[in-house]
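Chemist: Under this note's numbering, the first residue of the sequence shown is numbered 61, with each subsequent residue one higher.
If you are wondering where the hints come from, they were derived from the structure by calculation, not from laboratory data. Warning: the hint list may mix true and false statements.
No farther apart than 30 Å at their CA atoms in a straight line, the calculated lysine-lysine pairs in the DSS-like style are these [said to hold, decoys possible]: (1) Lys177 to Lys101; (2) Lys111 to Lys101; (3) Lys108 to Lys81; (4) Lys101 to Lys81.
FRET-style restraints, in silico, Cβ to Cβ [said to hold, decoys possible]: (5) Glu179 to Lys108: 32 to 38 Å; (6) Arg133 to Met161: 15 to 21 Å; (7) Ile107 to Lys81: 18 to 24 Å; (8) Ala126 to His175: 36 to 42 Å; (9) Gly176 to Leu109: 32 to 38 Å; (10) Leu109 to Ile78: 26 to 32 Å; (11) Glu110 to Leu69: 28 to 34 Å; (12) Lys114 to Cys165: 18 to 24 Å; (13) Arg141 to Lys101: 23 to 29 Å; (14) Thr124 to Glu90: 17 to 23 Å.
The beta carbon of each residue, even a glycine, is placed where N, CA and C say it ideally should be.
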Amino acid sequence: MERNSMRILLALYTRDQIIEKLALLDSGAEGNFISQVTARKLRLPLIKLEKRVKVLNIDGTLNTLAYVTHMARVTFFIGNRKMTEDLMVSRLGGEQIILGMLWLCHYNPQINWKHGKIEIPPRRKLNIKRFKGILDHMPAEVLI
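Hey, can you work out the whole structure from these sequences and the hints?
Modeler: Next up, the structure:
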């Protein structure tokens, strides 16, 4: 396994069951993927992409599938955090699911690489009330 990746356990929801799967967190991957084999075994409904996407392996060579033409919308839990993601369906070698930079940037998890632990901060909204009469008047500009 590369230094920019680690495996995490997730609980994947299908139509009638919950299945635990290992997912590879990989900061070297641009997208999020699920293997063809896993998608087929889980009987996930596939969504055809409007435009096919060229896929390269980690080493820069063309993937044996060459192009991704479908994605699968997948719902899963990591810890107690529920997520729904569109994963591109491709051949992934020995991996079942890869969560790449799109996922990492969106959720911005805190990763302890040394201990192999991940924490996803809760989404929060911050509402700041506007104060009227304070700092909303600027003195006239003085030209020298």
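Chemist: Which numbered hints turn out to be false for this structure?
Modeler: none
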